[in-house]
Structures are given as C-alpha cells and as structure tokens.
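Whole structure, please, built from the sequences with the hints as guidance.
The listed protein sequences derive, respectively, from chains S and C.
Taken in order, the first sequence gives residues 1 to 324; the numbers are from the numbering used here.
Taken in order, the second sequence gives residues 1 to 487; the numbers are from the numbering used here.
Take the hints with a grain of salt, since some may be wrong.
What the hints assert, rightly or not - With a straight-line Cα cutoff of 25 Å, these simulated DMTMM-like cross-link-like pairs (lysine to aspartate or glutamate) come out:
#1 C/231 <-> S/124
#2 C/390 <-> S/105
#3 S/220 <-> C/471
#4 S/220 <-> C/275
#5 S/220 <-> C/34
#6 C/83 <-> C/391
#7 S/220 <-> C/272
#8 C/273 <-> S/271
#9 S/220 <-> C/268
#10 C/285 <-> S/233
#11 C/273 <-> S/124
#12 S/2 <-> C/391
#13 S/225 <-> C/271
#14 S/225 <-> C/316
#15 S/2 <-> C/96
#16 C/445 <-> S/149
#17 S/84 <-> C/391
#18 C/231 <-> S/261
#19 S/84 <-> C/450
#20 C/291 <-> S/149
#21 C/231 <-> S/237
#22 S/121 <-> C/280
#23 S/298 <-> C/298
#24 S/121 <-> C/215
#25 C/291 <-> C/96
#26 S/188 <-> C/280
#27 S/298 <-> C/229
#28 S/225 <-> C/272
#29 S/84 <-> C/268
#30 C/231 <-> S/233
#31 S/220 <-> C/269
#32 S/3 <-> C/299
#33 C/291 <-> S/244
#34 C/285 <-> S/105
#35 S/155 <-> C/471
#36 S/92 <-> C/382
#37 S/84 <-> C/77
#38 C/390 <-> S/36
Keep in mind that the hints were calculated from the coordinates and are not lab data.
All values reported here derive from a predicted model rather than from experimental measurement.
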Amino acid sequence: MKKRDLVIVGGGPAGMAAALTAHKEGVRDILLLERDQYLGGILNQCIHTGFGISYFKEILTGPEYAGRFVHRIRNTPAIEISLKSFVVHLTKDKVLTYITPGRMEVVQARALIMATGCREKTREMVHIPGTRPAGIFSAGLAQKLINIEGLLPGKAVVIVGSGDIGLIMARRFILEGAQVKAVIEIQKTSRGLKRNIVQCVQDFDIPLYFNHKIACIHGKDRVEKVTVCRVDDAFNEVDDSRFEIACDTVLVSVGLIPENELIEMAGVAIDHRTNSPISDAVNATSVPGIFVCGNSFKVYDLADSVTADSELCGRMAAIYLSRR
Amino acid sequence: MYDIVVIGGGAVGTAVARELSRYKLRIALLEKEEELAFGVSKSNSGIIHPGTQNAPHSLKGRLCVQGNQLVRSISRELGVDFKEVGELIVAFTLEDIARLKQIQLDAQALGVGGLQLVDRSWLWENEPNLSHKIIAALYAPTAGIISPYRWTYDLSENARRNGVEIFTRTRVDRITRAGDHFEISAAGQTYACRYLVNCAGLFADEIAAMLGIRDFTIKPRKGEEFLLDKKRQNLTNHLIFPLPSPASKGTLVIITSDGNPMIGPTAEDTDDKSDVSTSEAGLRKVITSVKRLVPAIDERDIIAYFAGARPVAGDDFIIRHEYAAAGCITVAGIQSPGLTASPAIALYVVELLRKHGLVLRRKLFFHRYRKKTVHLFSAGFDRAQRLIRKDPSYGDIVCRCEMVSAKEIREAIQRGARTLDGIKFRTRCQAGRCHGSFCTSRVMKILAEETRAPLTAISKRGPGSALVVGDRAQEPPGGAAQEGGQP
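Rendered as structure tokens:
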C-alpha cells in the first residue's frame, strides 16, 4: 500500500485551492484525485459570468475562473493529478481505495481533504407527485446538456425552485430560444442572489410564483403539463388554487446536498439533516486528519468563498501534518 | 408459420418462451413496448414468495410453491442472483397470532416448508429494527429476492439463444382464425401460428377479446413503491410483512436484490391501465404503515418512487386452453405471486399445449446455461480488481452513486438495451441517489455511439420519450430560432 502525505479527493475549486495552499505551506507529497476527465468540476459548465469578483477583482466565467487554478496546479509538479479516479472506499484510518481505467489502487493518506462537492436534490426528495416521463431534469443536468453537450433539453420549460442554478437556467433556456413558462417557488422569497433574480428572470418577464408548488406532473412518455397550486405557511395546498401550465420540460432546482457518503462510510459524524460533517470549526470533522472543504462541507453561494475557505483547509492540513 | 406465438414480453411471457425453447418448435415472442419488462414486470418488487399467503386450494398457491423451487434452479442456470432472505409476517396482538397460525396451517397444506412461529426474543436478535410492539411473527425461511428485470432479460436472452425470435415495438392489433391457424397483425406484419399464448398482462383481456373471449376483464390495481438509499441496506434482514388484507399482502419493508430498502406498495383499484402516477396520499399511507413495522424508517432516505399496476382478474390466476379458440392458451390475472410462479406457469402452459395437440420433441442441444452478467458493485474487491485489469473500461465509472462502469453499460446495450430505462433496469445506472443528474449525458453518448443513433434519438423508454429536442451540431447556421420552416 502506497503512503502519501496528503490526498485530496475532488478537483473542483475547493480541491484545487486546498492543494495549492497546502503546497505553499510546505506539503510536498500531494495526490489530487478527480473522478471526471478534467479538473474544474462543475465550474466547467457554468459559462455565465459572476465568478472571481471578490477573489480576482475581475468578472470571469466559470471555466475562466477554474482555468486559472488548473494552470497553477499544472505548474506545481509536487501535486500529482490523477483524473478519472473514482474513490470507492474509505476507512477511518484514511485508507482510500480508488478505481481508474485499468487499475484499482489503495493508498494510505497521512492527511485527507475531501472536496467532493454537492449534488442536487431530486424531484423524488421533495416528493413531487405525478407521472415519470422524459423531460424532468435537475437544473445542473440541463445546464450540462446545453453548455457542454450542445443539446436542447426542451422548448417549453417550468422551473421548480428559485435557487441560483434554477434562475441561471431560466435565462439560459431563453437565450437558446426556448420558452420559460414559469418559475415556481414554494417559499415566500427566493434563496437566489438578487442579481440573478433581476438579470435572469425579471429582465425576461418570466412569471415567478412565490408560495406555489407543483401538485402534479402529467404526461405519459414526455412531460405534457404541470398542475400548480398555491400553498399556505405550512406548505399545504390552498383549496381552489390549482391551475395548469402546458410544458414539455420540468427543471428541478430545489437545493443542494453535500456529498459525504465516503466519510460517512469511514465513520465520520454526519448531520443527517444537512448531510454535512458535524464540526466545531470550518473544514474540520470528528476524525483528526480528515478535513472537508467547499460545498461538501456546506453549500456556498459563491465559488470565491469556496476558494477562500478551501485555502484555509489546505493550511489546516499542512499544520496537521507538521505537528505529527 | 410459427408453431407458437407468445404475446407479452414480461416475466411470464419470457418464462413461457424459454421453457418452450427446449423443444423443436418455431417460436416468436411479441412485445408492444420498446423493450421487454416495460409493462407490469418493471414495477415488480422481486419477492420470491414461499407460498404463505394463498388460499389452500388455489392455482396460484400451488404454482407459487412450485415456482419458489424452480426460480432457484433457473437462477443458477442463468446467473440471476437469488438471495434466500426469508420473510416474517408479524403479529401485534394475540388475535394476530391466531391468524398467523391459520396462515401457517394453510401454507403447510400447500407444502410450504420450514415455517416457524418466532417470539419476541428471536425477533430482537434477528431483526433488531423491528417495532418492539410486535410480539411474534411467522417466519418463512424459503422466501427470497431477485431482480425482476434481470430475471426477465436473462430469460429472454437465453430463450433467444435457443432460437426464440423476439419482436419488440410490436403491438398486436388484430387476431383472426384462418383454418387451422391464427393470423396475428402486429406493427404492420402478419405472424401466422398454430398456437398462441396470451401473456399480455394488463391487456390480456383485450387480446382475448380479439378472439371473441369476453368472460374476464383485467382490472388494474395500482401500487406505489418507494425506494430508500442504499446506505440503509442494513435496515432489515428479512422481508417484513404485516398480516394480509383481502386486497393485498399489505405494505411491506424489503431490501431489493440491489440492496435498496423498498417500502410499499399501496393497493388502489383504478380504471386506467396506463395510470402509474404517484401521489402525496400514497406516500403518506406507505410511511404510516411501514413505520408501524420498522419505526427507524426515515422518509428523507427516499431516493426514488414509482407505481405499477397489478393485472387483477378475480382472486386466482386464469390459465386455461380456450375451447372457443382452439390452440389459444390464456394466461391472465397474473398478479402476486406471479413472478415467483412464472417458471411454474411456464411448465403448466407447456403441459396444456401438449394436452391440446402440440407435439413436443426435445432438442438435442438446449443451451441451459447463460454466462452471468458482471456487476462491479457486487463483485467484491479482488474480482473487481481482476476485471479492471483485464478490461480497463471496467475502471471507467459512469454512475457514481451505484458504481456502474462504461463497460457494463456497453454490455447492457450489446445485450439489447435500447433506452435509458432499459440501461437502468439492467445495470442500476441512474437509479441511485442523484437520479442521473451526473451521468445521464454520458449514458446518452454511450448509447448513441453503440447504436449509431443521433443524441436527439435517445429516449427514456421508446418513441415519444426523447430526452432532448434539439442538437446544435445538427442544426444549420442560424440555429434553433428557425422554427416552422421560416427563412
């Protein structure tokens, strides 16, 4: 079994910032595992601007923001990058098993940083009733299909949830020539950034319904329409408030969940309400030497904040290693 | 001219076709959907029942007990994972225990072996998450679990290897009698055959009506099921049943063959055979019922839900030769325990055919065995390592939640998957906690590549369910805005 000083799982903004700072703080043996075929994580599909305003004092797109860190990492030989590397097992003693095309590896890390990001809540998690036809996407999947693959998921879209990804995708669909019929938000206000509400929804006159939810999705093979209703303060349906919207696509953007299944497997304490590690300090976990940073620690609004906290994480790991 | 046409490519139709493929016969199987197992079978829970909850002299009871044995041997032959997990029917009161004793007597009369009434201390030791209000249970050790999809697909694959011709997207429109044979019009083709086996599930009554048989109707009884995250795979050790009601075996807690806890089903009579929608009311009902059995169940662990319809035609199965249409065998009303009974139904059908004049001559070579499909998630460390070394693409993980590699997806397509659902049912890719958010685009690309189809043709479950509506790469400069043929 190979031994490494620092293993970082995840090559998005969090993992890259942590790796660079750990290196700056003197760690010289770093392995960065990324399951995708490129570094940068979800930033690669975020082609809108708004990144880097606080960190670089510039307005960048997601790929540009990621690109700066990828460039720095590539110029740091002490950081070994292993792409298409998928961690399948983790123990409390920081022994990782990962799969990569052609082999399966086991490494022992002296310190471990998990920067595995988050996943989107699904339609199933918020129990939207109805049928299960084609045309129901998470906002992130729709974003990937449009921005990475050049495919248009649908032409008449209803978006559930007014978080930032949902709002950004509303604008994206309009720019692709699709219709956005409505954004449906169960809460009284949006969780999204003010700039996204203005620039992505209001500027395009997209109806935004607060205190509303989808009561039912209809359609046998492809989405045909949704039934929408108003809700009271307890999110229960208000009588006689139902109406229908014809659409071929439902985009679900109802929040993000930190991806912490690996550290949960290793026995790190997890708050099952949020799926975050139970912790008394940012980036720390119940197991010494296992750190979590970025969206897998908590869901951040801005990539710039992820970078800042993940740099701190790199420093924490370096201090941990120097004290041993 | 076919000797036999089987209508319906679910668990029963494929079992019948495979059983018949032992003999020197020309056989076709017609399925209206894009792929097999897309009807009633896709919503099956995968339980292999021991035979405990059937009326003592029922046909379904007899075929269930026989099927329980046959499923084991066929699973071994085909490489389907069969886990004998055992079931517990639980009792909260002394009256419940009296009912359990009656169930035990009825089941023993049917020949169900190994039944045992177990007490609280047994339950505490063997099923610690069970409600402490449960005072006893009837333990049936022969209950098991399989994947209903893999069962159907592996049977069909083996049937095809033994010469059965399988036609999907082939909906039967009309059947006529032409002298000594039937002529079946389906999807623009005519299939002539001497014998016909109607395994059309929810639509068995409509097929029968084409032959003038109108003495039964299929009433759909909808059931909603909810799947929990694999993280909770140690929730229970056995299949947990409440005492049965007249309408159903009740709402259960099981661990599926893939390791996900599953709770449900509901039982609701409907008139619409295509209604497989889920409801808030259904969820509430299921949660309330299962929390009575296993209080630790957390609704936040739900990662998927679906509904299916049981094809109900009275209390028992209808399996018979139709004298009004000699040569036609009806197999209808195959609700629970239909999956368990399916291999026994197949034998029963073959016997009926023989009785009614079909000459059965065994083939010299019947390919009894099938190479087991590889699933990385269940392979174990050493095996996985060997597989990845042998073929690097086993190490190319596409589905992160369920650990499915590019190799497994390609294999599924090579074995017949044509849709995203078909790939999901075969490999579990897209069936995990992210529900395909991360892997769908990659799966679409692999499917497009393997079938040499454009990405816009990739569908969830066949015509009308394409995933995307446009591809920039395929559009002329100027792009998507040019709709309706305007310049």
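Quick rundown of the hints versus the structure:
{"no.": "1", "hint": "C/231 <-> S/124", "verdict": "17 Å, holds"}
{"no.": "2", "hint": "C/390 <-> S/105", "verdict": "15 Å, holds"}
{"no.": "3", "hint": "S/220 <-> C/471", "verdict": "23 Å, holds"}
{"no.": "4", "hint": "S/220 <-> C/275", "verdict": "9 Å, holds"}
{"no.": "5", "hint": "S/220 <-> C/34", "verdict": "14 Å, holds"}
{"no.": "6", "hint": "C/83 <-> C/391", "verdict": "28 Å, violated"}
{"no.": "7", "hint": "S/220 <-> C/272", "verdict": "12 Å, holds"}
{"no.": "8", "hint": "C/273 <-> S/271", "verdict": "43 Å, violated"}
{"no.": "9", "hint": "S/220 <-> C/268", "verdict": "19 Å, holds"}
{"no.": "10", "hint": "C/285 <-> S/233", "verdict": "23 Å, holds"}
{"no.": "11", "hint": "C/273 <-> S/124", "verdict": "23 Å, holds"}
{"no.": "12", "hint": "S/2 <-> C/391", "verdict": "23 Å, holds"}
{"no.": "13", "hint": "S/225 <-> C/271", "verdict": "22 Å, holds"}
{"no.": "14", "hint": "S/225 <-> C/316", "verdict": "39 Å, violated"}
{"no.": "15", "hint": "S/2 <-> C/96", "verdict": "59 Å, violated"}
{"no.": "16", "hint": "C/445 <-> S/149", "verdict": "9 Å, holds"}
{"no.": "17", "hint": "S/84 <-> C/391", "verdict": "15 Å, holds"}
{"no.": "18", "hint": "C/231 <-> S/261", "verdict": "8 Å, holds"}
{"no.": "19", "hint": "S/84 <-> C/450", "verdict": "21 Å, holds"}
{"no.": "20", "hint": "C/291 <-> S/149", "verdict": "44 Å, violated"}
{"no.": "21", "hint": "C/231 <-> S/237", "verdict": "32 Å, violated"}
{"no.": "22", "hint": "S/121 <-> C/280", "verdict": "18 Å, holds"}
{"no.": "23", "hint": "S/298 <-> C/298", "verdict": "22 Å, holds"}
{"no.": "24", "hint": "S/121 <-> C/215", "verdict": "49 Å, violated"}
{"no.": "25", "hint": "C/291 <-> C/96", "verdict": "18 Å, holds"}
{"no.": "26", "hint": "S/188 <-> C/280", "verdict": "22 Å, holds"}
{"no.": "27", "hint": "S/298 <-> C/229", "verdict": "21 Å, holds"}
{"no.": "28", "hint": "S/225 <-> C/272", "verdict": "19 Å, holds"}
{"no.": "29", "hint": "S/84 <-> C/268", "verdict": "47 Å, violated"}
{"no.": "30", "hint": "C/231 <-> S/233", "verdict": "33 Å, violated"}
{"no.": "31", "hint": "S/220 <-> C/269", "verdict": "19 Å, holds"}
{"no.": "32", "hint": "S/3 <-> C/299", "verdict": "41 Å, violated"}
{"no.": "33", "hint": "C/291 <-> S/244", "verdict": "34 Å, violated"}
{"no.": "34", "hint": "C/285 <-> S/105", "verdict": "46 Å, violated"}
{"no.": "35", "hint": "S/155 <-> C/471", "verdict": "12 Å, holds"}
{"no.": "36", "hint": "S/92 <-> C/382", "verdict": "21 Å, holds"}
{"no.": "37", "hint": "S/84 <-> C/77", "verdict": "36 Å, violated"}
{"no.": "38", "hint": "C/390 <-> S/36", "verdict": "22 Å, holds"}
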